[in-house]
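Residues per chain, in single letters:
There are 2 protein chains.
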Amino acid sequence: MDYIEEIKGLKEQMTFLEDIEFPESVRNIVMAGMGGSGIAGKIFQEIYTKKPVALTDSYSIPDFVNEDTLFIGVSYSGNTEETLAATNLAMKRGARVSAITSGGKLGETVKDAVIIPKGLQPRSAIGYLLNPVLVGAGFDVSNFNETREVLSRMDEDRREFEQIAAEIGQYRKTPVVYGTPPFSTIAYRIKTQFNENSKIISYWSYFPELNHNDTVALENDYRKDEFYFMVLRSSFTSEEVARRIKVTSDLCKIKFREISAEGYSLISQLYSLIHKGDYISYYLAKLRNIDPRDVSIIERLKTELSNVDTNK
Amino acid sequence: MDYIEEIKGLKEQMTFLEDIEFPESVRNIVMAGMGGSGIAGKIFQEIYTKKPVALTDSYSIPDFVNEDTLFIGVSYSGNTEETLAATNLAMKRGARVSAITSGGKLGETVKDAVIIPKGLQPRSAIGYLLNPVLVGAGFDVSNFNETREVLSRMDEDRREFEQIAAEIGQYRKTPVVYGTPPFSTIAYRIKTQFNENSKIISYWSYFPELNHNDTVALENDYRKDEFYFMVLRSSFTSEEVARRIKVTSDLCKIKFREISAEGYSLISQLYSLIHKGDYISYYLAKLRNIDPRDVSIIERLKTELSNVDTNK
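Sequence lines, in order, name chains A and B. As numbered in my numbering, the first sequence has no gaps in its residue numbers, which increase by one up to the final residue, 312. As numbered in my numbering, the second sequence has no gaps in its residue numbers, which increase by one up to the final residue, 312.
To be clear, the hints were calculated from the coordinates, so they are not data collected in a lab. Any given hint could be a false lead.
[Said to hold, decoys possible] With a straight-line Cα cutoff of 20 Å, these simulated PhoX-like cross-link-like pairs (lysine-lysine) come out:
hint	chain 1	residue 1	chain 2	residue 2
1	A	K92	B	K51
2	B	K42	A	K51
3	A	K224	B	K173
4	A	K50	B	K51
5	B	K51	A	K42
6	B	K302	A	K253
7	B	K51	A	K51
8	A	K173	A	K255
9	A	K173	B	K224
10	A	K173	B	K173
Could you build all of it, start to finish, from the sequences and the hints given here?
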């Protein structure tokens, strides 16, 4: 499948409504996952506020994990070493363990795993990876219909995304993505898409936190003109944060390119911001004559990791 | 007080052992704080694993906050608007509310507040801001003695820090700080010190997560030579992560400047990494002929925020 078809395929994922069971009795949730799979947990942690959600994106799990914990291992391939290690520890600890995966060792190990379709890049499967927790946690299922329509409309007219990619690539700028609550972590998702699709360095932060540090740099940095600043806006952006965006732009004399969420529901707006990042990073790769799908260095890294002689 | 005296003063903060009470009955902890005060919560969340720790760095608090929650508002000035808003919400929700502050409105509002000395930049008060939660949570108090000695030794010989600052500043590079567990968030602290002290843009990430995204960019980025890459190492860096640092460096042909933790205990190593970041960012400011203490734009921003006419 051509990679742009993978990206366009996000709307189809909105009909995938399998769910992870969220038992009432559970006192906390821990999600494990790395990179394109781990982003599901990072997004969920920001928008789900009924119970504490902790994340692990390493080999270990927190000490508090026990039978009162719902532990969800997320790995598209099912073979991510960090996520497998963490999931095995959670099983030993007696946690209620679930998983979201297309198969692999994780699919074999976890009985209650939600099995999602194979054959995509993990980062293109964000709907499959995230929807099972959204549905399980009680987000309104009817919003996935709206999301499907919103994404379809975006697929039809992609000129804005090509335009932004050109603004970045033409002058070889480094994209900076600033999120706003409740979509701070979408800025991280878009940063990783610039990394993997466009093969360029990109950084992220979020309002209002960045007003306490980045702002000082934005006024004085010696390379300021080499960065391209984007800010994510939505109908959920509070009045206070909207003011902060304006004042920061004025004081630091920086133009923020606004990336606006589409649709009405939280889910539609969330996926629309993700999808805009998908397209912008895709077109930037094309502009650079780089294959956006290729992330073979991650595979080479895994091979090298298993070869390194540690003298142990 | 000259700003370098503020930085050197960190070792004295190691004798400040007032504690936030952590009742057994509490089921989760929520810490609120922004910027130089918020970093205390971010660091604590990574190293404390006995109970779930959630953070808020905005105006709101999670829905799960109730009488089973220990809520800790952290604001050096005591007047940070986001933290005050969040703390007031937590009080209404019946949480067990505590605070760490030098006074201000937060000191007036919260009866059980730990009151810390005034007169510093919030970012120079990291010991005052973090120690009360470390002590309260049961970290070994004797380690603060070791930390004091470790920091004193660092204050005596600062050539390494000047050297690194020169390597960054000489070629006007953008510093990138990569953390390693359990000190991933120290990378964020150092990034913010580059922002506030050196007035330059800086970015951070951490192993092993960055192997799933940044790595692709590190191989191919068009501006790679304009960044300066640092990696935080400690005796807690796992074998797996150490391998990842080596393989990433080899594959991407990037030299990481290692910033090594000093001392034996977790607390010493944590503060030693913080302190190295303090000094490197300080010397980079000096090299740029910039006042490292001045962050007046943050004050100007606050004034502007209260002036903006929102037509509402």
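Given the hinted pair K173 of chain A and K173 of chain B, is their alpha-carbon gap at most 20 Å?
-> Given pair K173 of chain A, K173 of chain B holds - Cα atoms ~15 Å apart, limit 20 Å.
20 Å limit on alpha-carbon distance, applied to hinted pair K302 of chain B and K253 of chain A:
holds (16 Å)
Notebook entry, point to check: Would the pair K173 of chain A and K255 of chain A pass a check requiring their Cα atoms to be no farther apart than 20 Å?
Noted result: holds (14 Å)
Next on the checklist: Need the status of pair K51 of chain B, K42 of chain A: alpha-carbon distance at most 20 Å?
Outcome noted: holds (19 Å)
With the threshold set at 20 Å, check whether the alpha-carbon distance from K92 of chain A to K51 of chain B stays at or below it.
holds (18 Å)
| request: Decide if the proposed pair is consistent with the structure: K51 of chain B and K51 of chain A, CA atoms, cutoff 20 Å inclusive. | output: holds (13 Å)
K173 of chain A and K224 of chain B: Cα distance at most 20 Å? OK: K173 of chain A and K224 of chain B at ~12 Å, within 20 Å.
Does K224 of chain A pair with K173 of chain B here, judged by a C-alpha cut-off of 20 Å?
-> holds (12 Å)
Given the hint that K50 of chain A pairs with K51 of chain B, does the C-alpha gap stay at or below 20 Å? holds (16 Å)
* For the pair supplied as a hint, K42 of chain B and K51 of chain A, confirm whether the alpha-carbon distance does not exceed 20 Å. => holds (19 Å)
The structure is consistent with each of the numbered hints, conforming to all of them.
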